[in-house]
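Just so we're aligned: the sequence shown equals residues -6 to 243 in our numbering.
None of these hints come from the bench; they were simulated from the model.
No residue lacks a Cβ here, since even glycine has one placed at the ideal position from N, Cα and C.
Among the hints, a few may not be true.
Stated by the list, open to error - Ranges of calculated distance between the beta carbons of each label pair, as one might list FRET restraints: (1) Glu36 <-> Pro219: 36 to 46 angstroms; (2) Thr2 <-> Pro219: 36 to 46 angstroms; (3) Pro28 <-> Pro219: 33 to 43 angstroms; (4) Val218 <-> Gly68: 14 to 24 angstroms; (5) Asp38 <-> Lys190: 36 to 46 angstroms; (6) Ser8 <-> Asp127: 39 to 49 angstroms; (7) Asn87 <-> Ser41: 22 to 32 angstroms.
As the list claims (entries may be wrong) - Straight-line alpha carbon distances no greater than 30 angstroms define the calculated DSBU-like cross-link-like pairs of lysine-lysine that follow: (8) Lys208 <-> Lys193; (9) Lys60 <-> Lys190; (10) Lys91 <-> Lys186; (11) Lys115 <-> Lys191; (12) Lys226 <-> Lys91; (13) Lys183 <-> Lys60; (14) Lys166 <-> Lys186; (15) Lys115 <-> Lys9; (16) Lys190 <-> Lys91; (17) Lys234 <-> Lys186; (18) Lys203 <-> Lys186; (19) Lys110 <-> Lys25; (20) Lys115 <-> Lys166; (21) Lys208 <-> Lys226; (22) Lys91 <-> Lys25; (23) Lys183 <-> Lys203; (24) Lys234 <-> Lys190; (25) Lys166 <-> Lys226; (26) Lys115 <-> Lys25; (27) Lys190 <-> Lys226; (28) Lys208 <-> Lys190.
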Amino acid sequence: MVKFLFRPTTRQIASKYIERIEKNSFYEVRFKNLPNTLFWPLEFDINSVYQVTSETFDSEDWHYYRKNHTDVENGEILLDIGTAEGLFPLAIINTCEKIFLVEPSQSFCEALATTFKPFEEKVVIHNTAVGDEDGVINFSEDALMGRIGEHQGSINHMINLRKIDSIIPENQKITYIKADIEGYEYEMLKGAKQTIKKNKPKIAITAYHKENIAKEMIDLILTYVPEYNYYVKGIFEQGPKPVMIHFWID
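Sequences and hints are given; from them, build the entire structure.
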């Protein structure tokens, strides 16, 4: 807790990794520790890139996915749900065999297509929201805070809603699920039952949004795969909630 209270700002942490940012048809973010460029939509505040950089690379960040039993190993087949700008998969692109990106924001998906153009043979992008049914739903376009439902001050429009079990073919193996979808995690998990039961992937999922109830998420996943080990991590600064839940099988 003391370490958390006296942490540097996310911008200070991110500055250790970001080499430069240029503005062209997208913001182009170049990193000291990555050979590839990240593309960021011009319509979204570029300052948010400091937050995701800290979360992706700083192992002390409570939002860090690759912790202990949920590190990314060679040959991983990643399902990244709520991928946003795509820095997490870009950082591990050469470690993974295949990557599926799920992102409801059209603006982010256009940037993702540019970022991952050199890796078209291993990266599949799905521009859709996810939940416990297939249909359509209202989506508020708001950079990292984009969320299902209509929200004042955001760009709202109807988009496709799909279950993970509808997106991922029955014969497609998944070894790692990373998810951060702004409070819709429980509904996503209900629509991912078969994918989780069949593959028993490592899971790193956020639990800090106001809609999240960590115990409900844990209980649901354990009904799918009772042999999962898990631990919760972090304390959300805006309320008494854990930040992340990690699941794995020994």
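Going down the list of hints, with the structure as the test:
As the Cβ distance of Glu36 to Pro219 is approximately 45 angstroms, the hint placing it in 36 to 46 angstroms holds. Between Thr2 and Pro219, the C-beta spacing of about 42 angstroms keeps the proposed range 36 to 46 angstroms intact. In this structure, Pro28 and Pro219 meet the distance hint of 33 to 43 angstroms, their C-beta atoms being roughly 42 angstroms apart. Distance hint check for Val218 and Gly68: the Cβ-Cβ separation is about 21 angstroms, which falls inside the suggested range of 14 to 24 angstroms.
The hint said 36 to 46 angstroms for the Cβ distance between Asp38 and Lys190, and at roughly 39 angstroms that hint holds. The given range of 39 to 49 angstroms is respected by Ser8 and Asp127, whose C-beta atoms sit roughly 43 angstroms from each other. Distance hint check for Asn87 and Ser41: the Cβ-Cβ separation is about 25 angstroms, which falls inside the suggested range of 22 to 32 angstroms. The hinted pair formed by Lys208 and Lys193 meets the criterion: a straight-line CA distance of about 19 angstroms does not exceed 30 angstroms.
This hinted pair checks out: Lys60 and Lys190 have alpha carbons roughly 22 angstroms apart, not beyond 30 angstroms. With a CA separation close to 21 angstroms, the supplied pair Lys91 and Lys186 stays within the 30 angstroms bound. About 22 angstroms separates the Cα atoms of Lys115 and Lys191, which keeps this hinted pair within 30 angstroms; it holds. At most 30 angstroms may separate the alpha-carbon atoms for a hinted pair to count; Lys226 and Lys91 meet this at roughly 27 angstroms.
At roughly 25 angstroms between alpha-carbon atoms, Lys183 and Lys60 fall within 30 angstroms of each other, so this suggested pair holds. Distance restraint check for Lys166 and Lys186: the Cα-Cα separation of roughly 14 angstroms lies within the 30 angstroms cut-off, and the hinted pair is therefore satisfied. Restraint check for Lys115 and Lys9: satisfied, since their Cα atoms lie roughly 29 angstroms apart, inside the 30 angstroms limit. About 20 angstroms separates the Cα atoms of Lys190 and Lys91, which keeps this hinted pair within 30 angstroms; it holds.
Between Lys234 and Lys186 the alpha-carbon distance is near 25 angstroms, which keeps this suggested pair within the 30 angstroms criterion. Between Lys203 and Lys186 the CA atoms are separated by roughly 23 angstroms; this keeps the pair inside 30 angstroms, and the hint holds. For the hint pairing Lys110 with Lys25, the CA-to-CA distance comes to about 20 angstroms; that is within 30 angstroms, so the pair holds. A hinted pair counts as satisfied when its Cα atoms are at most 30 angstroms apart, and Lys115 with Lys166 qualifies at roughly 14 angstroms.
Our distance criterion of 30 angstroms between C-alpha atoms is met by Lys208 and Lys226, whose separation comes to about 13 angstroms. For the proposed pair Lys91 and Lys25, the alpha carbon gap of about 24 angstroms is at most 30 angstroms, so the pair holds. Proposed proximity of Lys183 and Lys203 is supported: the alpha carbons are some 18 angstroms apart, at most 30 angstroms. For the hint pairing Lys234 with Lys190, the CA-to-CA distance comes to about 27 angstroms; that is within 30 angstroms, so the pair holds.
With a C-alpha separation of about 27 angstroms, the suggested pair Lys166 and Lys226 falls inside the 30 angstroms cut-off, and the hint holds. For the hint linking Lys115 to Lys25, the alpha-carbon distance of about 24 angstroms falls within 30 angstroms, and the restraint holds. The suggested pairing of Lys190 with Lys226 holds, with an alpha-carbon distance near 24 angstroms, which does not exceed 30 angstroms. Annotation: proposed proximity of Lys208 to Lys190 holds, straight-line Cα distance about 19 angstroms (limit 30 angstroms).
Of the numbered hints stated above, none is contradicted by the structure.
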